[in-house]
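Enquirer: Sequence:
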Amino acid sequence: VWGVTVTMVRGCGRQKGYLTGNNLSKEKPVQTLPFVKLEFVVKDEVVETLIDVIRKVNSTGEVGKGNGKIFVYPVLDAVRISTGERGEDAIGGPK
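Just so you know, we're using the numbering used here here: the sequence shown kicks off at 153 and counts up by one.
You may find that some hints are simply not true.
Heads up, simulated PhoX-like pairs for lysine-lysine below, C-alpha to C-alpha not over 20 Å straight-line [to be verified]:
1) LYS208 x LYS221
2) LYS189 x LYS221
3) LYS208 x LYS189
Keep in mind the hints are simulated off the structure, nothing from the lab.
Input sequences plus hints: build the corresponding full structure.
Expert: Laid out in structure tokens, this is it:
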């Protein structure tokens, strides 16, 4: 892993005591909780290993207890604004 972006965010989901699904209404405001969002850009061959590590480090050991989610999606390109480098060169990983 060459780097990570860490962002403090707020969100809601199926946490106990929070409004979800059919409980949402105009009379009751949506309540959110603070979360930490981690973003990694890695080569395809690293994805499964990174998923395994994230799951091991972040699992509470209990289903439905705020363990979070992992989303995997393709990155079509990256561009370093200052130099115009593209792809892996723009990300700054090992050559």
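Enquirer: Does each hint hold? Answer for all of them.
Expert: How the hints compare with the structure:
Our distance criterion of 20 Å between C-alpha atoms is met by LYS208 and LYS221, whose separation comes to about 13 Å. This hinted pair checks out: LYS189 and LYS221 have alpha carbons roughly 10 Å apart, not beyond 20 Å. In summary, the hint linking LYS208 to LYS189 is supported, as the alpha carbons are separated by about 17 Å, within the 20 Å threshold.
In summary, this structure violates none of the numbered hints.
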